[in-house]
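Position chains B and C relative to chain A; hints supplied.
Protein chains in written order, with our numbering: chain A, 1 to 137; chain B, 1 to 535; chain C, 1 to 376.
Hints were generated in silico from the structure; no laboratory data involved.
Bear in mind that the values here come from a model prediction, so they are computed numbers and not experimental data.
Where hints are given, some of them may not hold.
[As the list claims (entries may be wrong)] Covered by chain C, according to a simulated footprint, are these stretches of chain B (three or more residues, beta-carbon under 8 angstroms):
1) 152-160
2) 369-375
[Said to hold, decoys possible] Only pairs whose alpha carbons sit at most 27 angstroms apart, straight line, appear in this in silico BS3-like list of lysine-lysine:
3) K3/A <-> K138/B
4) K7/A <-> K214/C
5) K38/A <-> K92/A
6) K2/A <-> K129/B
7) K395/B <-> K416/B
8) K3/A <-> K239/C
9) K80/A <-> K159/C
10) K59/A <-> K186/C
11) K214/C <-> K129/B
12) K300/B <-> K345/B
13) K129/B <-> K239/C
14) K239/C <-> K138/B
15) K345/B <-> K335/B
16) K400/B <-> K421/B
17) K123/C <-> K7/A
18) K54/A <-> K293/C
19) K293/C <-> K137/B
20) K214/C <-> K2/A
Beta carbons are placed, not taken as given, at the ideal position from N, Cα and C, and that holds for glycine.
Each chain, written out:
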Amino acid sequence: MKKWIIKISFVAVIVVLGVLLFFFGRQHEIIIEYGDIKINETEYSIGEELYIVKIDSEKIEIQNKTSKFSRSTSTLKTSKIVGPNHSIEVYKNDSPGETIRKDNFSVEINNNAKINLVSFINGFDDWYSQKKIVYDE
Amino acid sequence: MESNEVVLKVENIGKDFFGNVVLKSVSFEVKKGEVIGLVGENGAGKSTLMNILFGLPVINETGGFSGNFFLNGEKAHFSSSFDALDAGIGMVHQEFVLLPGFTATENILLNRESVKDNFAVNIFGDRLKHLDREDMKKRAVNAINKLDVNLDPEMIVAEMPVGHRQFTEIAREIDRSSTKLLILDEPTAVLTESEAEIMIKAAKKLAEEGMSIIFISHRLHEVLDLCDRVLVLRDGNLVFESESENTNPREIAESMVGRSISDFEHTERKKELQKDLLEVKDLWVAMPGEVVKGVNFTVKKGEIFGIGGLAGQGKLGIANGIMGLFPSRGKVLFKGEEIPLNNTKNILDLGFSFVSEDRRGVGLLLDEPIDWNITFTAMQAHERFIVKYLGGLLKFRNDKEIRKEALKYIDMLQIKCTSEKQFARALSGGNQQKVCLAKAFALNPEILFVSEPTRGIDVGAKELVLNALKKYNEESGITIIITSSELEELRSISDRIAIVNEGKIAGILPPSKPATDFGLLMIGESNINGEGEIK
Amino acid sequence: MSMSNSEKVKKFLINNTVPILFVVLLFFAIPLSGFSPEYLANEMITRLGRNSFLVLALLIPVMAGMGMNFGIVLGAMAGEIGLIFITDWGVVGINGVFLAMIISTPIAIILGFVAGLILNAAKGREMVTGFMLGFFMNGVYQLFVLYGMGNIIPINNPKILLPRGYGIRNAIDLVNIRQAFDSFIKLKIGDISIPVFSFIIIAILCIFIVWFRKTKLGQDMRAVGQDNDIAAASGIAVKRTRILSIVISTVLACYGQIIFLQNIGTMNTYNSHEQVGTFAVAAILIGGASVAKANISNVFIGVVLFHMTFIVSPRAGKELVGQAQIGEHFRVFVSYAVIAISLALYAWRRQAAKNREIKAVLDEQNEAIENRGGSQ
Chain A
1 MKKWIIKISF VAVIVVLGVL LFFFGRQHEI IIEYGDIKIN ETEYSIGEEL YIVKIDSEKI
61 EIQNKTSKFS RSTSTLKTSK IVGPNHSIEV YKNDSPGETI RKDNFSVEIN NNAKINLVSF
121 INGFDDWYSQ KKIVYDE
Chain B
1 MESNEVVLKV ENIGKDFFGN VVLKSVSFEV KKGEVIGLVG ENGAGKSTLM NILFGLPVIN
61 ETGGFSGNFF LNGEKAHFSS SFDALDAGIG MVHQEFVLLP GFTATENILL NRESVKDNFA
121 VNIFGDRLKH LDREDMKKRA VNAINKLDVN LDPEMIVAEM PVGHRQFTEI AREIDRSSTK
181 LLILDEPTAV LTESEAEIMI KAAKKLAEEG MSIIFISHRL HEVLDLCDRV LVLRDGNLVF
241 ESESENTNPR EIAESMVGRS ISDFEHTERK KELQKDLLEV KDLWVAMPGE VVKGVNFTVK
301 KGEIFGIGGL AGQGKLGIAN GIMGLFPSRG KVLFKGEEIP LNNTKNILDL GFSFVSEDRR
361 GVGLLLDEPI DWNITFTAMQ AHERFIVKYL GGLLKFRNDK EIRKEALKYI DMLQIKCTSE
421 KQFARALSGG NQQKVCLAKA FALNPEILFV SEPTRGIDVG AKELVLNALK KYNEESGITI
481 IITSSELEEL RSISDRIAIV NEGKIAGILP PSKPATDFGL LMIGESNING EGEIK
Chain C
1 MSMSNSEKVK KFLINNTVPI LFVVLLFFAI PLSGFSPEYL ANEMITRLGR NSFLVLALLI
61 PVMAGMGMNF GIVLGAMAGE IGLIFITDWG VVGINGVFLA MIISTPIAII LGFVAGLILN
121 AAKGREMVTG FMLGFFMNGV YQLFVLYGMG NIIPINNPKI LLPRGYGIRN AIDLVNIRQA
181 FDSFIKLKIG DISIPVFSFI IIAILCIFIV WFRKTKLGQD MRAVGQDNDI AAASGIAVKR
241 TRILSIVIST VLACYGQIIF LQNIGTMNTY NSHEQVGTFA VAAILIGGAS VAKANISNVF
301 IGVVLFHMTF IVSPRAGKEL VGQAQIGEHF RVFVSYAVIA ISLALYAWRR QAAKNREIKA
361 VLDEQNEAIE NRGGSQ
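Extracted from the complex, chain A is given alone in its bound form:
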């Protein structure tokens, strides 16, 4: 009897371990949006400065495409994150010591994360949203 309990719990531990590995090992896409937004008739933008968005320990550079040679009008940047819990920190490139804003966010298992950078640095609350992982064909 005792042995059966140990056996079953061993299998259970393995299953739980598998689930945990799945949760903490799953890769999510994170989309950083930095296009201009309009809230309460006010326009917000990141201007032309180079921002550093630090997600966990990975640094992502973000800057509006202002070069006249660039024809890209994209205001999205994507990266990968692993596991559910993450931190985000944003500062300007020329002043690394002065953090503009720092926060935490978490992704659900089947979702990708989306961050609106403009909303984030301007202190709004709706900077973060999630979207179900869908593979585009």
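Frame of chain A; chains B and C shown alone:
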């Protein structure tokens, strides 16, 4: 240490294999610490009786048995030998059931190893328990000490002398603490004399400590030496039972065969032997364990030439060497012409035939019927028993001839079988030996080598085999060279006997000489005196 | 005394013919190839970390007397199925590797069990049966992966699915778990980087094997390996024991293949497992193992010699014949040749042991004859 406590009580046990009765209402008792000798010819029912006691599945598969037996007063019925083992019956088989790569300890405790718990056991089961080597060794030494023999528990079985293997087997049964009754099935058959002595001593010691033993053997003097009581089985009946003190080998042997034995007496031959047929000059044979170091002898046509000597002295090497089974050098003249050595095919073609002492190795096609076994070689070598059509283009087996030939030998050698179509595997050892002989006879050889023709077969069968050889020799004038370790056997049929000692022929004597003369030659005594120039 | 020494040397040479042959071969090939020692050391360490586990998986069936288990191909397939799943789910890094192992374990157990059943029915011909079993299961695997995945088993990631919507692509990029084990703990000495974590895993397996030999099950396997009948007569469940040895081997091979592929970083869905059995068997045989006897040192010696030959031979071939391709052919040629030679050598060696006894007697005779000739 004999007491009145009855360990085994057998009541009216009978058994038939599909109508063929092999045991008829056998009853006897074995007391605690008693040694019972069980003797009987091959096929008398000994093995069947033991198989019933040991619960072998073959008994149940063939319809069970009648009667009962009781262990310590409780009625026993085993469906497998594991039940028998649990109930306290241990059996030491004729063939070794030991793992050659394991040590004595590992073999003694095979599948009963001492184990220690560890955590993995909880998850993956008991088989992941650790072996407790220290305790294993302790138990093995304990069992060996009970036998009072000198056996290294750490020695690997493959490196052991034969006797030690036997002890290992017995120690295995002793370690089983439940074992109360030990069945020893011809434990001394493979042992040398000195090993057999130790073995007997060990069995006596075990009995003193309260173990009951059933001892099966063909060696009557051992039975009488060891056993308290002797039982004789004949044709499934218990025909004789006596305390060992009150009987003698002759009485036992007579009740075994059911007739009085003529003590292998030599009858002087009337025919004259003149022509030399085979001349052997300075023959050396590299047969491991039976090395021949330069022998010289001449065999006359129509003669029965015996080769005797103690085990390991080289007597077996002579026939094996001439037949080309082991590398040899020297000169062999057949009908005055030198024949090339180390070429078995050539020698067979010349009309030589060989019945090997190694029954399994060179002997029989076990999964073929008897008639095939007898005629197969003759068919291959001499195209006998073959009908040819279209000038030899089509060849068919002549089944009628094959049957006739097989029946002839079955009758002549009294091969015990259900029919000539029975598979060789199903025959007892003695009968297999007879088939081997028949096979050699069917070749119609000019010269027949026979090695140990009676090894492992019982008294009655021995006589039959020897008589068959003799008759064959007289009727067809064939020359026979017989090698045997039993001197009496050689004396009973040979015209001359060569005794081999240390790879050389110590002397050649007629069988009429007293046994002591042969004995002296065997131990090399008269060699020294006779030649007087041993370096 | 010197006699017995020379006998010893002779015995050693006979017992280690194959490894010695390869050492001699490398002795000439390494200077010819002109590779630097650092490069060779680096390559060797990578390959030891990558291949040892798979080769170690062969040890346990040898113990149970089932010869070289070509059935490890089945384990490799199980491992690959695990990798397909984690790639689809996007589980990355060391978590992904471990999850792949957990997922593929039950598959490997089932495959191993089936293989064990079949090998039990083919007693005495385990090796060739295992080899054919690998081919057969390859077909089943292809059916499963090519038609089952995406149809019956949901697979969503278009990167690994064929454009038609079901079936897995021919090549899967394992970039997400690439060298996750190797770089988990990494040590660099000079120019040589050492995948410490992989070696720790391999060391754990070695300890497991040593420990396993000392268990009751290990002892039973050794008994079964020597003689089925005797083991059965003593009450050991022979068939079950044999199946267990194949199951363990298959599961280990499954982990071995995962470790192998995380190092390589890409997976050929339909080919990666094909020669796993052949290469692993060739490696352990080059290490001096035989069908009946193999130990841990055979594994490492074998992996080093086998892969050193691979690294060195293309360049040596180029220097010698002017063609580098010869090395690639050489790889396949060597594996099969070594297996064939080792098996033949094994049979020959057994015969030789018998003959040696006879020869000892002959020698003694010759000596005796010569002595006698002298005295006359």
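Hints, verified against the model:
A count of 0 residues in the region 152-160 of chain B with a Cβ less than 8 angstroms from any Cβ of chain C is obtained; the coverage claim is therefore unmet, three being the minimum. Taking a C-beta to C-beta cut-off of 8 angstroms, the region 369-375 of chain B contributes 0 residues in contact with chain C, too few for the three needed, and the coverage statement is violated. Straight-line distance between C-alpha atoms of K3/A and K138/B comes to about 30 angstroms, which puts the hinted pair past the 27 angstroms bound. Between K7/A and K214/C, the direct Cα distance comes to roughly 22 angstroms. Compliance with the 27 angstroms bound is thereby established for this hinted pair.
Taking the CA atoms of K38/A and K92/A, the gap is about 22 angstroms. The hint holds against a cut of 27 angstroms. With a C-alpha separation of about 17 angstroms, the suggested pairing of K2/A with K129/B holds against the 27 angstroms cut-off. About 32 angstroms separates the Cα atoms of K395/B and K416/B, which puts this hinted pair outside 27 angstroms; it is violated. Among the hinted pairs, K3/A with K239/C is consistent with the structure: their alpha-carbon atoms are about 25 angstroms apart, no more than 27 angstroms.
Restraint check: the Cα-Cα separation between K80/A and K159/C comes to about 16 angstroms, which is no more than 27 angstroms; the hinted pair holds. Between K59/A and K186/C, the direct Cα distance comes to roughly 23 angstroms. Compliance with the 27 angstroms bound is thereby established for this hinted pair. Of the pairs offered as hints, the one joining K214/C and K129/B holds, with about 9 angstroms between alpha carbons and a cut-off of 27 angstroms not exceeded. Among the hinted pairs, K300/B with K345/B is consistent with the structure: their alpha-carbon atoms are about 23 angstroms apart, no more than 27 angstroms.
Restraint check for K129/B and K239/C: satisfied, since their Cα atoms lie roughly 20 angstroms apart, inside the 27 angstroms limit. Restraint check for K239/C and K138/B: not satisfied, since their Cα atoms lie roughly 31 angstroms apart, outside the 27 angstroms limit. A distance of roughly 18 angstroms separates the Cα atoms of K345/B and K335/B; the hinted pair therefore holds under the 27 angstroms criterion. Proposed proximity of K400/B and K421/B is supported: the alpha carbons are some 13 angstroms apart, at most 27 angstroms.
Between the alpha carbons of K123/C and K7/A the distance comes to roughly 32 angstroms, so the proposed pair goes past 27 angstroms and is violated. Taking the CA atoms of K54/A and K293/C, the gap is about 57 angstroms. The hint is violated against a cut of 27 angstroms. Restraint check: the Cα-Cα separation between K293/C and K137/B comes to about 25 angstroms, which is no more than 27 angstroms; the hinted pair holds. Restraint check for K214/C and K2/A: the C-alpha separation of about 25 angstroms stays at or below 27 angstroms, so the hint holds.
Hints 1, 2, 3, 7, 14, 17, 18 from the list above are not met by this structure, while the remaining hints are.
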